[in-house]
Amino acid sequence: MMVFMGLFAAMMNLYFAVHATRSQEDDGTTELLLAHAVGRQSPLVAAVWELLLINLGVSVLEVLGLQFSGMTGAVAAGNWLFGLGLAAFGFMFGMFALGFSQIVNNARSATILSYVFLAIVFIARMGTDVQNTKYTWWTIFGWIEKNETVHQK
Numbered sequence: 001m002m003v004f005m006g007l008f009a010a011m012m013n014l015y016f017a018v019h020a021t022r023s024q025e026d027d028g029t030t031e032l033l034l035a036h037a038v039g040r041q042s043p044l045v046a047a048v049w050e051l052l053l054i055n056l057g058v059s060v061l062e063v064l065g066l067q068f069s070g071m072t073g074a075v076a077a078g079n080w081l082f083g084l085g086l087a088a089f090g091f092m093f094g095m096f097a098l099g100f101s102q103i104v105n106n107a108r109s110a111t112i113l114s115y116v117f118l119a120i121v122f123i124a125r126m127g128t129d130v131q132n133t134k135y136t137w138w139t140i141f142g143w144i145e146k147n148e149t150v151h152q153k
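My numbering applies: residue 1 is where the sequence shown begins, and numbers increase by one.
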């Protein structure tokens with residue numbers, strides 16, 4: 001479950017990161033903003049804050065959903081670890097997308113590059129699951145997969 005929720009969190013962050021940077025520059029919104037007395041990096045900093053707030057909001061919703069679900073074995077600490085782990089995972093992919101959007105010159109290329117990176121990382125995770133599960137920690141998706149939020153001893 002964590003892997004697929006991480007996949008959706010990554011896709012959400014890729015969308016918002018590219019939309020907040022490259023799409024607005026393609027539309028000319030960034031030029032209007034930079035014409036005023038703001039810093040040169042203001043759009044990028046605003047995008048980082050937007051991603052941070054979106055991930056924290058989604059994380060709180062996930063935690064509340066798990067708390068109110070009443071699942072057997074779910075405790076508050078495990079629910080918070082689940083929610084914040086997904087938020088950090090999604091935020092990390094958002095930062096990758098922001099980096100990719102600074103490399104290319106339009107939103108379409110930034111989106112394609114971000115999703116190609118996501119696909120490569122996900123395929124690498126699938127390869128470690130098939131070949132040798134000890135190497136799962138070496139993939140980014142392995143980090144979210146091995147996040148044991150509820151572990152019975």
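Don't take each hint at face value.
[Said to hold, decoys possible] FRET-style restraints, in silico, Cβ to Cβ: (1) N105 / K146: 32 to 42 angstroms; (2) Y135 / A35: 13 to 23 angstroms; (3) L34 / V75: 23 to 33 angstroms; (4) I103 / L52: 32 to 42 angstroms; (5) A74 / A35: 25 to 35 angstroms; (6) A37 / V130: 48 to 58 angstroms; (7) A35 / K134: 28 to 38 angstroms; (8) L64 / A88: 32 to 42 angstroms; (9) G73 / A46: 16 to 26 angstroms; (10) Y135 / T29: 38 to 48 angstroms; (11) M5 / S42: 46 to 56 angstroms; (12) G70 / I103: 27 to 37 angstroms; (13) Q67 / L32: 37 to 47 angstroms; (14) A119 / G57: 18 to 28 angstroms.
These aren't lab readings, by the way, just hints derived from the structure by calculation.
Yeah, the Cβ is synthetic: ideal placement off N, Cα and C, and Gly gets one too.
- Message: Check the structure against each numbered hint from earlier and tell me which ones fail, lowest number first.
- Response: As far as the earlier hints go, 2, 3, 4, 5, 7, 8, 9, 11 and 12 are violated by this structure, in ascending order.
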